[in-house]
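> Work the whole structure out from these sequences, hints included.
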Amino acid sequence: MKRFQFILIILVYFFSISLKGQGIKGEVGEVGSEVPLEFASIALFDQADSSLVDGTITDRNGVFEILNIKEGPYFLRITFIGYKTKEISDLQLHGGSLLDIGFIFLEPDQKVLDGVEVQGQQITSDFRLDKQSYSAESFESARGGTASDLLQNLPGITMTPESGLTIRGSSGFVVMINGKPVQSDPLMILSQLPANSIEKVEWISSPSAKYDSEGKGGMINITTKKGATDGLFVQFNGRLGVPSIENYDNKAQPKRFGGDFNLYYVAGKWDFSLGASYQRNDQSGRRVGEVFTVDGDTTTFFPSEGERSFDEKNYSGRFTVGFNPNEANSFSLGFYGGVRDRLRTADIVYFDNHAIVGADRIYTMQYFNANDQNRRGDFALGSLDYTRNFGNGASLTASILLEYTLLGGPTINWNLGFPDTDLVYQNELNTNNNPLNGFRVNMDYHFKPSKIGQFQAGYQLRSLDHRGDFVYERQNLETGIFELLPEFSSEVNLNRDIHAGYVQLDGKKQKWNYGLGIRTEFMNRNLRLKDKAGTLDSLYPYDFIRPFLSGNLAFQMNEGLQIKANFTQRVERTTTFKMNPFPEREHSETLEQGDPNLLPEFINLVDLGVIKNWEDNSFYLTAYHSRIKNLVNRVNTVYTDTILNRIYSNVGTAKSFGFDSGLEIYPASWWKLFAGLNAYQYSISGSFDKQPIQTKTWVFSSNFTSTFTLPKNWVIQTNLNYLSARVTAQGEDGRFYSPNLSVKRSWMEGKLTATVLWQHMDLGLLRSNEQRITTFRPQDFFTTTNYIYEVDRIILNLTYSINGGKNRAKFVKSEFGEQEF
135 MKRFQFILII
145 LVYFFSISLK
155 GQGIKGEVGE
165 VGSEVPLEFA
175 SIALFDQADS
185 SLVDGTITDR
195 NGVFEILNIK
205 EGPYFLRITF
215 IGYKTKEISD
225 LQLHGGSLLD
235 IGFIFLEPDQ
245 KVLDGVEVQG
255 QQITSDFRLD
265 KQSYSAESFE
275 SARGGTASDL
285 LQNLPGITMT
295 PESGLTIRGS
305 SGFVVMINGK
315 PVQSDPLMIL
325 SQLPANSIEK
335 VEWISSPSAK
345 YDSEGKGGMI
355 NITTKKGATD
365 GLFVQFNGRL
375 GVPSIENYDN
385 KAQPKRFGGD
395 FNLYYVAGKW
405 DFSLGASYQR
415 NDQSGRRVGE
425 VFTVDGDTTT
435 FFPSEGERSF
445 DEKNYSGRFT
455 VGFNPNEANS
465 FSLGFYGGVR
475 DRLRTADIVY
485 FDNHAIVGAD
495 RIYTMQYFNA
505 NDQNRRGDFA
515 LGSLDYTRNF
525 GNGASLTASI
535 LLEYTLLGGP
545 TINWNLGFPD
555 TDLVYQNELN
565 TNNNPLNGFR
575 VNMDYHFKPS
585 KIGQFQAGYQ
595 LRSLDHRGDF
605 VYERQNLETG
615 IFELLPEFSS
625 EVNLNRDIHA
635 GYVQLDGKKQ
645 KWNYGLGIRT
655 EFMNRNLRLK
665 DKAGTLDSLY
675 PYDFIRPFLS
685 GNLAFQMNEG
695 LQIKANFTQR
705 VERTTTFKMN
715 PFPEREHSET
725 LEQGDPNLLP
735 EFINLVDLGV
745 IKNWEDNSFY
755 LTAYHSRIKN
765 LVNRVNTVYT
775 DTILNRIYSN
785 VGTAKSFGFD
795 SGLEIYPASW
805 WKLFAGLNAY
815 QYSISGSFDK
825 QPIQTKTWVF
835 SSNFTSTFTL
845 PKNWVIQTNL
855 NYLSARVTAQ
865 GEDGRFYSPN
875 LSVKRSWMEG
885 KLTATVLWQH
895 MDLGLLRSNE
905 QRITTFRPQD
915 FFTTTNYIYE
925 VDRIILNLTY
935 SINGGKNRAK
945 FVKSEFGEQE
955 F
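The numbering of the sequence shown is the working numbering, which starts it at 135 and goes up by one.
These aren't lab readings, by the way, just hints derived from the structure by calculation.
Be careful, since some hints might not be right.
Unchecked claim - Derived lysine to aspartate or glutamate pairs resembling DMTMM-like cross-links, with alpha carbons at most 20 Å apart:
| id | residue 1 | residue 2 |
| --- | --- | --- |
| 1 | K666 | E621 |
| 2 | K385 | E461 |
| 3 | K218 | D183 |
| 4 | K712 | D671 |
| 5 | K664 | D578 |
| 6 | K824 | D914 |
| 7 | K218 | D603 |
| 8 | K385 | D431 |
| 9 | K585 | D914 |
| 10 | K334 | E446 |
| 11 | K664 | D603 |
| 12 | K642 | E199 |
| 13 | K664 | E621 |
| 14 | K746 | D193 |
| 15 | K582 | E446 |
| 16 | K159 | D224 |
| 17 | K220 | D234 |
| 18 | K664 | E607 |
| 19 | K389 | E424 |
| 20 | K666 | E612 |
| 21 | K220 | E441 |
| 22 | K666 | D512 |
What the hints assert, rightly or not - Derived CB-CB ranges, DEER-like:
| id | residue 1 | residue 2 | range |
| --- | --- | --- | --- |
| 23 | N731 | L807 | 22 to 28 Å |
| 24 | V740 | T774 | 53 to 59 Å |
| 25 | P912 | N731 | 24 to 30 Å |
| 26 | Y520 | L540 | 45 to 51 Å |
| 27 | G635 | K403 | 29 to 35 Å |
| 28 | L755 | I850 | 35 to 41 Å |
| 29 | N779 | R879 | 31 to 37 Å |
| 30 | T432 | G635 | 54 to 60 Å |
Backbone N, C-alpha and C fix where the C-beta goes; we use that ideal spot for every residue, glycine too.
Structure (structure tokens):
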């Protein structure tokens, strides 16, 4: 009897071993968008008698596995609330095999959606292996604004009028729209994309090899709202700013108004998207500064104060048509055109200017500088995209983008007497016309050839032809004729081609998730410079072949706790403007120029983190270290006793070591708190102009958002964005903070929404929305300027939606021209 039991145990053991690893796996996502569906129910049935054999649910990536299944025929049933049930039949399991059925697409079921009312708390942030994801609806202060208004509320991201938008202190990053990267100036893109059209924002801190290699701070992926069913969706948004509360003695009052609409229509296999936007978003302000220079044995001191304001207009139109003949094929054709017009006014009085040799004063004078810098960009572009799904997780995507952009705009610089402004000392004019032609083609192939995971491979070609004609003229005060200054005038022609290929592996085994990739790029850059005197015609070539490695690893300790590690290599390429060595007159006391030998920045980034989710709460903490080789900073030299020359230069190596964290909790059912904190030690080691640079400091930034959901469809939200001082190669960018308040009321089941925004709250008690920039070299100059921008801005926003679906528009975005704006 004992011998029989022993034999039975052995047989059961070997039978279980034979079943181990045998089963079915696959992925579940939404048809059309391929967005993974988490918590979809998977049921496995015996084909013979339809009896239930086993079941499971999908994970965050839409992946499922059912293991330890004996040989035989089966069928699967996939269900998820709001989507049509789908069955996969004729599945045959063979001994020892793990059958991979690939990607399964579920179609939304409008009948079910119409009958479902979701109540209760909903977590609006999602922290994953290589990215953090945030729902746009969580940040009411951005309502009616643009994507840039939304982003400044996220952990690790800060935005100031002078420093711009930075991630972990880095201004370089890439923006993607619905997963498609665009190589453009992020602020240009973000300032034109209406916040109302955004579903969520993802910050990919450690991009894999399948993404473009650009970006010191990683990548930002903006997902636009999507419709679920056939029919028409239209959304209108109007925005109006009340007159300024504070007086900054600007010559004109700011104007703030605008509107946008998005239309989406789906009919069978066709979908159409149409959108237009106009925004007038002026900003009042002042600047107060001091400059001290040493030129030989002469010292000069000139404090200044005056207007620093912006008049900005953005208007654009977009159209996209998509055709989906079946689940295997999809086509998309898009066009995008528009204008961005930005005028910066800097009318400055320079007080008690005096120069001294030893103890003897040479001169004393005051004067008024009227400086208007206009930047305008007219652009038109089109793209064609095609996707082919082969089944079993294999797909091919191809994309082509063409762009033409005409950039330009003069800078007018008047030096006048004071208080007698009829006296003209100097009248100068910088003009530039620089048309840009860009071309990009992408091909990407995804497939699952084995059990170890999903392979991706692709190729990308980007070509840029940018031609600039920069003219610097000064008026002859006797004849009244503007005369060319050849030493400041130039032709700058840039040609750049980039060929890139990548291979990426992503997989999952039990509680482990992993990814490994390599992207190899060949870049060829030719910069040709000519001066207007005909004495200079120089070519500055630069090229490289370089691999960019990436890897990530995560371990799911339990249902709510995950640890992760990531590594990525990046590059930050310079713009044409930063390579133009011919000076441009930015202000009376400032020239600005580039360096034709400027090298790209190369970045290594590693981070280690933990992610914790419990009930309706979520938290992440990530420690990181980055190293930037060939760091580009804007540095100064003394041009004359009253003029500084501002130069873009490679100044050495920068290192950052710190941590960032994010927390979303519900202290009560009606109260949601979102908080982000970033702290890092930042150092620069190098040299400029034969002078050593050694600087180091700790930097802190934080974002707090508190949302109160009240009865009768009232929502009140407060937020505070703070950035501490940060060192640069020659000085320090001062602290910056901005508190905001929004009050929202909705009617007609949410179709009509009114919001009142109170931006940059101050009440004369704080120092909101201002930042001091200081640069110095002890031996020859010191300059400090406080930029004071408008506070207590009140804006009214009204939004109305027709039909309950969401906008699904995926408009084409600029690839090249906006980077040079």
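> Each hint should be assessed against the structure and marked as holding or not.
Now for the hints, and whether the structure bears them out:
no. : hint                    : result
1   : K666 - E621             : holds (8 Å)
2   : K385 - E461             : violated (59 Å)
3   : K218 - D183             : violated (24 Å)
4   : K712 - D671             : holds (19 Å)
5   : K664 - D578             : violated (40 Å)
6   : K824 - D914             : holds (14 Å)
7   : K218 - D603             : violated (59 Å)
8   : K385 - D431             : violated (39 Å)
9   : K585 - D914             : violated (65 Å)
10  : K334 - E446             : violated (26 Å)
11  : K664 - D603             : holds (10 Å)
12  : K642 - E199             : holds (11 Å)
13  : K664 - E621             : holds (11 Å)
14  : K746 - D193             : holds (16 Å)
15  : K582 - E446             : violated (49 Å)
16  : K159 - D224             : holds (15 Å)
17  : K220 - D234             : holds (17 Å)
18  : K664 - E607             : holds (17 Å)
19  : K389 - E424             : violated (30 Å)
20  : K666 - E612             : violated (24 Å)
21  : K220 - E441             : violated (64 Å)
22  : K666 - D512             : violated (26 Å)
23  : N731 - L807: 22 to 28 Å : violated (50 Å)
24  : V740 - T774: 53 to 59 Å : violated (46 Å)
25  : P912 - N731: 24 to 30 Å : holds (27 Å)
26  : Y520 - L540: 45 to 51 Å : violated (29 Å)
27  : G635 - K403: 29 to 35 Å : holds (33 Å)
28  : L755 - I850: 35 to 41 Å : violated (29 Å)
29  : N779 - R879: 31 to 37 Å : violated (54 Å)
30  : T432 - G635: 54 to 60 Å : holds (57 Å)
Against the hints set out earlier in the document, violations occur for numbers 2, 3, 5, 7, 8, 9, 10, 15, 19, 20, 21, 22, 23, 24, 26, 28, 29.
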